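**Student:** Going down the list, the sequences are from chains A and B. When we follow the numbering used here, the leftmost residue of the first sequence carries the number 1, and every step to the right adds one. When we follow the numbering used here, the leftmost residue of the second sequence carries the number 1, and every step to the right adds one.
These are computed hints drawn from the structure, not numbers from a lab. Source: prediction; values computed, not measured. In this text, a Cβ means the ideal position worked out from N, Cα and C, and glycines have one as well. Any given hint could turn out to be false.
No more than 30 Å apart at the CA atoms, straight line, and that leaves these computed lysine-lysine pairs for DSBU-like [stated by the list, open to error]:
1) A:K6 / B:K6
2) A:K125 / B:K172
3) B:K107 / B:K125
4) A:K83 / B:K131
Covered stretches of chain B (in silico footprint by chain A; criterion: 3 or more residues with CB under 8 Å from a CB of chain A, positions within the stretch not fixed) [claimed, not checked]:
5) 6-18
6) 74-85
7) 139-145
Number of protein chains: 2
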Amino acid sequence: MQDEPKISQAVIDRLPRYLRYLGDLRDQGVERISSRDLSLLMHSTASQIRQDFNLFGGFGQQGYGYNVDHLYSEIGRILGLDKEHRLIIVGAGHLGQALANYANFEKRGFVFLGIFDRDPALSGKTVADMKVRPMEELVGFVTENDIDIAVLTIPKTAAVPVSEILVNAGIKAIWNFAHADLPVPPGIMVENVHLTDSLMHLSYSLASSAGKE
Amino acid sequence: MQDEPKISQAVIDRLPRYLRYLGDLRDQGVERISSRDLSLLMHSTASQIRQDFNLFGGFGQQGYGYNVDHLYSEIGRILGLDKEHRLIIVGAGHLGQALANYANFEKRGFVFLGIFDRDPALSGKTVADMKVRPMEELVGFVTENDIDIAVLTIPKTAAVPVSEILVNAGIKAIWNFAHADLPVPPGIMVENVHLTDSLMHLSYSLASSAGKE
C-alpha cells in the first residue's frame, strides 16, 4: 500500500528547494506565507506553488496563506526526512573526508556510521571522529549495522565491483560520486553526483557564450 | 557569429557521458566503434546515438563505425574543453580542499590558480600546493589573473554577497556548492551542485519504495 498520491518527478525535484526556503522563513520567525509572497521569494509563480502543494492535500487555507512550520514538516515527511537513514562512506580520500564532515547529514535524518578505505595508510586514521576501517570489514559492518545507504567516493575503476559487493551485503541506495555508471538490480536507488559532467556544463556554457560575442 | 548549430539542452546533457565512454574506449586502444556497439555499452539506443552525432555533422562513415579518437576530440571541442579556463576556489573548508585536490581539473583544461578563505586561521595554510589567501585579496586577484570561474564552497549566508563581489570583479561563471540560489545578471553562468537536494532525492526514493512494500 502506498500512502502518498503519485507525484511527478518534476514536482519531487522542486520539493528540496521549497524545503530550503521554508526552513529559512521558519528560522526568521515567519509563521504564515501566501503563495504569492513565496513565489516572489523563489522567482516562481503562485499558481505553480498552489498546484504543487495541492498535490499533497493543500496545507493552506484560502486567504490565510500557508502555515510555514506545518508545510516544512509535511514536505520533510514526504521527502522521507522523518525517517532514520543509516549511512557509510566508502573511500576516505579528500572528497570522502569532506562528506564525512558534511554537517547537514544529521539534520536530515542521515546517521553516519562508518568510513572505509582500501589504502592501508589511511586505515586507522580518524575522519570526523571516526576511525577509517579496512575494506575487509565492509560486508560484515553493513550487515551487522543495518546500513541503508553507501556513499561512494572511490575511483571509477573500483566503483562497479564495490557497488556489487554493497548490494549483495544488503545496501538499498548508493550516493555515487565515482565517475562511472553503476549497473544495479531493480529496487536499488542510485543518485549520481558526477562532478566532471557538471564542470563540462560550465565549460560548454562559457565556450558557447564566447562564440556569441 | 556562432560556429555550432543550436543544440538542445537534452543533447548537451548527454555529451559528457559520451565523452566518458569514448575516453575509456580510447584508453583501451579501441580505434573504431559502431553506433550499435556504443549503444550496448551505454545502455542507450543506436538511433539516439546516430541522431545526436548527426547534429555535429556526423563524425562517422556508414558501415565503418565512428573513429573513437576523432569523436572524443570533437565532443571535447564542442564542450569547450580545448579552451583554457582560469579558476579559483572561494572557501577552503573540507569541500573546498577536496575540490582543490580534484585531479580532473587540469585534464579538462581548467587551470586552478588560487584559493581564498575569510577565516584567518586558514590564511597562509597550504592546500594542493597553494597558499590560502585572505578575502581582502579576492577582487585584485580576479582582475589581475583574468579569472573566468569561481568555485563557491562557502556557507549559504555568505554566498549571495560573495557572488556579487565576484561578478563585479569580472568573473564569468560560478560553480556553486553553496546551498543558495544566486541571483546573477544575464550572461553569467551558474552551475549548481546542491548536495543536500541530492541527498533528499535519495531519502525520498527510500521512503517511497518502503511505502510500496
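**Student:** The structure should be examined with respect to each hint, and the outcome stated for every one.
**Tutor:** So, going through the hints one by one against the coordinates:
With a C-alpha separation of about 35 Å, the suggested pair A:K6 and B:K6 falls outside the 30 Å cut-off, and the hint is violated. Taking the CA atoms of A:K125 and B:K172, the gap is near 40 Å; set against the 30 Å cutoff, the hint is violated. Between B:K107 and B:K125, the direct Cα distance comes to roughly 25 Å. Compliance with the 30 Å bound is thereby established for this hinted pair. At most 30 Å may separate the alpha-carbon atoms for a hinted pair to count; A:K83 and B:K131 exceed this at roughly 42 Å.
Residues of the stretch 6-18 of chain B lying with their CB closer than 8 Å to a CB of chain A number 5, which satisfies the three-residue condition for coverage. Evaluation of the coverage hint for the stretch 74-85 of chain B: fulfilled, as 6 residues show C-beta separations to chain A shorter than 8 Å, against a requirement of three. Requiring three or more residues with a Cβ within less than 8 Å of a Cβ of chain A, the coverage given for the stretch 139-145 of chain B is violated, as only 0 such residues are present.
The structure fails hints 1, 2, 4 and 7 (numbered hints given earlier, in ascending order).
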